[in-house]
Amino acid sequence: MADEAKLGARLSDATLQPYPHVPKSDRSDPVAWANSREQFMREHLIAKERVKLLRQEVIACYRKEGVNHYVNCKHLTTKYLEIIQDKTFGRLKPPGAGADGDEE
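Residues 1 to 104, numbered by the UniProt record's numbering, are exactly what the sequence shown covers, in order.
Don't take every hint at face value.
[Stated by the list, open to error] Straight-line C-alpha distance at most 27 Å; calculated DSSO-like pairs for lysine-lysine:
no.: 1; residue 1: Lys79; residue 2: Lys52
no.: 2; residue 1: Lys64; residue 2: Lys74
no.: 3; residue 1: Lys79; residue 2: Lys24
no.: 4; residue 1: Lys87; residue 2: Lys48
no.: 5; residue 1: Lys79; residue 2: Lys48
no.: 6; residue 1: Lys74; residue 2: Lys24
no.: 7; residue 1: Lys52; residue 2: Lys74
no.: 8; residue 1: Lys52; residue 2: Lys64
no.: 9; residue 1: Lys87; residue 2: Lys74
no.: 10; residue 1: Lys48; residue 2: Lys74
no.: 11; residue 1: Lys64; residue 2: Lys79
no.: 12; residue 1: Lys24; residue 2: Lys48
no.: 13; residue 1: Lys64; residue 2: Lys87
These aren't lab readings, by the way, just hints derived from the structure by calculation. Please read all numbers here as calculations on a predicted model, not as lab measurements.
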């Protein structure tokens, strides 16, 4: 329960801290590059799980509200739509990184 308080009211609202970033082209330190790549992949898995959790919240809201779901679940559906349309969702870009980021 204490962990949930740190993450926020909902698990889908949780945010991560930026990771030590190593550009994709810089492989002079293989350990740092591998750690950076692993963290990048973890972030994408977490982002996918956040989408799944938010989708479950939307479905539960639809079932609970019935015909009033258009009004009462709008905040969840707009948040879900913003998340799935964001091309950079799941990426924690370091300060000064370009719009596309260095990872693919």
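Quick rundown of the hints versus the structure:
Our distance criterion of 27 Å between C-alpha atoms is met by lysine 79 and lysine 52, whose separation comes to about 13 Å. As the CA atoms of lysine 64 and lysine 74 are separated by approximately 13 Å, the hinted pair is consistent with the 27 Å bound. With a C-alpha separation of about 31 Å, the suggested pair lysine 79 and lysine 24 falls outside the 27 Å cut-off, and the hint is violated. This hinted pair checks out: lysine 87 and lysine 48 have alpha carbons roughly 13 Å apart, not beyond 27 Å.
Only pairs whose Cα atoms come within 27 Å are accepted, and lysine 79 paired with lysine 48 is accepted, the gap being roughly 14 Å. Taking the CA atoms of lysine 74 and lysine 24, the gap is about 39 Å. The hint is violated against a cut of 27 Å. Pair hint lysine 52 plus lysine 74 holds up; C-alpha atoms about 17 Å apart against a cutoff of 27 Å. Taking the CA atoms of lysine 52 and lysine 64, the gap is about 18 Å. The hint holds against a cut of 27 Å.
Restraint check for lysine 87 and lysine 74: satisfied, since their Cα atoms lie roughly 22 Å apart, inside the 27 Å limit. Taking the CA atoms of lysine 48 and lysine 74, the gap is near 21 Å; set against the 27 Å cutoff, the hint holds. Straight-line distance between C-alpha atoms of lysine 64 and lysine 79 comes to about 18 Å, which keeps the hinted pair within the 27 Å bound. Only pairs whose Cα atoms come within 27 Å are accepted, and lysine 24 paired with lysine 48 is accepted, the gap being roughly 22 Å.
For the hint pairing lysine 64 with lysine 87, the CA-to-CA distance comes to about 31 Å; that exceeds 27 Å, so the pair is violated.
The structure shown violates the earlier hints numbered 3, 6, 13.
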